[in-house]
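K.L.:
Now for the letters of each chain:
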Amino acid sequence: MKLLTLNFLTCARKTCKSTAAAFPLHPKEAELEQVEMELNPLFVKNMLPRLDWEAMKTLATELGLPNLPAETPVAEELANESGEPTQTLRDLHTLLMETAIASGKLVCGNCGHEYAVKEGIANFLLPSHMV
Amino acid sequence: MEYLIRFIQMHETFRQPEIDALADLAGIQMDWVFYSEDSPFAIIRFHDSAADEATARALIARSVLSDEIYELWGSGTDYNRLHADIRRRTQTLWPQHSTRSFRFKVDSYHGSRSLAEQRQLIETFDYMSFTGPIRMSKPDNHFTIFEHYDLDTPAPRALHFGRLIAQSGRKAINKYNLKKRTYIATTSMDAELSLVTANLAHAAPGTLTYDPFMGTGSFPLACAHFGSTVFGSDLDGRSIRGTAHRNVSKNFTQYATTPLYLGALIADLTHTPLRPSRLLNAIICDPPYGVREGLKVLGSTRPALQQIVHLADGTPAHLQPGYIPPKKAYSFTRMLDDILAFSADRLVDGGRLCMWMPVAGSGVPVGCEAAAAAAPPPPPSDAPETPDTHIDKVEAEAEAEVEAEAETEAEYPIPRHPALALISICQQDFNKWSRRLLTYRRLPDNQVDETAISAYTAQRLLAEETSQLSGSDGTGKFKADDLNDFRKRYFQGFRGEPGAGT
Ligand SMILES: [Zn+2]
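Chains Z and W, in that order, give the protein sequences.
My numbering applies: residue 1 is where the first sequence begins, and numbers increase by one.
My numbering applies: residue 1 is where the second sequence begins, and numbers increase by one.
You may find that some hints are simply not true.
Stated by the list, open to error - Below, in silico cross-link-like pairs of lysine-lysine (DSSO-like), each with a Cα-Cα straight-line distance of 30 Å or less:
#, chain 1, residue 1, chain 2, residue 2
1, Z, K28, W, K250
2, Z, K118, W, K250
3, W, K180, Z, K105
4, W, K175, W, K250
5, W, K250, Z, K45
6, Z, K118, W, K432
7, W, K138, W, K250
8, W, K432, W, K179
I should point out that these hints are in silico values taken from the structure, not numbers from a laboratory.
Small disclaimer: the values here were computed from a predicted structure and weren't measured.
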C-alpha cells in the first residue's frame, strides 16, 4: 500500500471515527518496498491540499524516513521557471507514489486494533464484536 | 457552423448524458439542435462563435457511444431540399476545399443502397466542383451522405451531409474487451459501459477515482484509460488478490496503466477506513445485488457473535491467521443511501458519483427468483461461527433477504442526497430486467440547503438506531418497504434540485 493511500485511512470502527487518536494509523513491523513509477506532476499537485501533512510527518518519522518539511509544500515549489520538475516534486513523488508498505500491520491509536497488510493489500474487515 | 454526431444506435439513453459530460469536462458549452432516441444522427451547436474543428475534436475524442463528428453542410427531408440547404450553408466554403483530395460515403440507416445507386447519388453532388484527387484512404476531406429511413420504406425521411472532423474514442472498447483481459469474473462490467461510466464520472489526468465495490477492477481500469489515478476496495479479498498471474494488479499491467493504480483495500463501505474528508474527484460503482452476488456487509445478527469468540485453546478467533469475519445480508436500498452519504462526505466540489442499480427489486437476473424460493432457511444453530461454516450461512441469509426485497416487486426509488445534484439517469434494458446508471455532482457547500442536510442527517441517525434495535433481537432485517417510507418522509421536505432530468 502506497504511503499516499495510508494518508487517506483511519480506523474502520465506528466508535473510533470521530476520535483524533484513530488517525493516522501507525505502521508496525512494516516491510517497505520501493517501486519506481512514472512521475505524474499534475496528480501530485492536486493531492497536496488533500493531504494531512501532520499525519505524513508522523508516518515518515515512524517509518524512519528522512524528515519532511514542516509545512505542506505548495504548488509553486513543484516546478521551476521553465516548467521542469523540482527536487521537491521528485521527493514527494518518491514518498507518496513510490514508497509502499508491502507487509506488516496498521495499528489504531485509539482502540489498538491491528489491521494486517499482506502483499501490499491492507485488510480492514472487522469481527462482529467490533462492528 | 453546426456539427453532426454519428451515434451508435444502442444504449440510447446513455448517449446524450455522455456527450453532455464530455462537453462539461472540456469546458464546452453547446446546444442540442436535433436529438432523437430513434436516430443515430444528432445535431449540435457550440455557444462560442469561435468554436471550430478543434472544439469538435475535443468534444468527441473520448466518446464511446458515438463513432464520429462531422461539420454539418446541410439537412433536408428530400434531396432537393438537402442540396438547397448545402448551397445556402456552404457555398462560400467550396473554393477552399476545391483542390483537396476527397472521398464520398453513403451511410443509410435502416436502409441500403447498391453500389450503383450510391455512385449515382454521389454524382448529384458534383455542383460543388471539387477538382482534387479522389482517395479512398486518408483523403483530406471525407464527406458522408446520411440517410435515415423508416423501416421498410422506399425513400429516406431525413437526409444530412457532412465533412468528417474526427473519430470518437470508441475503439477503446476493443482494447478493453473482457475476452482479451487477463483477469475477469462473471459479474465484470463490459468494456463499453465501463468506459461510458468513466466518461460520466469525468475521469481525467490529475484526478482521483475510487470504486468501493471494485471486484476485478473494470471501472478503475476504464478510468485509468482516461488518465485518472484510481484505487478501490472490495469486501472480498479473493477477488482483488486473484491468483499469482491473474489479479487486479495484472490487469493494470496489461493496459500499461500501472502508474495510475494506487492499489486496493479489503474493506466494507458500511465500515469504511477512508477518512471523511474531501479526497476524491469521483466515485464509481456497481454495488452487488440479487442472489447471485448477494449484498453483504460486516457483522452478524447472532448474539453469540457480538462478543469475542474464543477457540478451544482460549485464543480469540479473530486474531488467527486466515480469520474470515462473519458477514450478514443487508438491504440494498439502505446500501444506496450509504453510498450517497459516503460520497457527499468525500467528493470534492463538483466531484461525481456514478452508481449502477437495478430498476426494480424484482429485477434480479434470470433464475434468481426460483433460487430464492428454493433457498433453505438460515441454520438455527447458536454455536459460534468458525471460518469454515460461516459462508454457507451468509449465503442463506443473503438469499432470504433478497427474497424479501424481491417480493415487493416495486421500482427502487432514485436515491437522493441534499449535497448531491442528480445529473443524469441512463437505463439499460435486458430481457427480464433493467438497470440504471445514476450520475450525481457534489454541490459546493454554499449551494446545499442546510435545513435539508439537518433533516437528512437526523433521518439517517434514526434509521441507524432502528436497525440496531431490530438487530438486538436477532432479526436485523431491514425491509425495502421500511426504507421506501423513510425516504418518502424525508424527501417531502426537500427542494427540487437543479439539473435533474433524464
Ligand atoms: Zn480503532
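K.L.:
Hints first: check each against the structure and report whether it holds.
P.N.:
Now for the hints, and whether the structure bears them out:
1. K28(Z) <-> K250(W): 28 Å, holds
2. K118(Z) <-> K250(W): Given that 30 Å is the threshold and the Cα spacing comes to 17 Å, the pair holds.
3. K180(W) <-> K105(Z): Answer violated: K180(W) to K105(Z) is near 36 Å, above 30 Å.
4. K175(W) <-> K250(W): This hinted pair holds, its Cα atoms lying about 15 Å apart.
5. K250(W) <-> K45(Z): 27 Å, holds
6. K118(Z) <-> K432(W): 42 Å, violated
7. K138(W) <-> K250(W): Answer violated: K138(W) to K250(W) is near 37 Å, above 30 Å.
8. K432(W) <-> K179(W): Roughly 25 Å between the alpha carbons, so the hint for K432(W) and K179(W) holds.
Going down the numbered hints, you'll see the structure goes against 3, 6 and 7, while the others check out.
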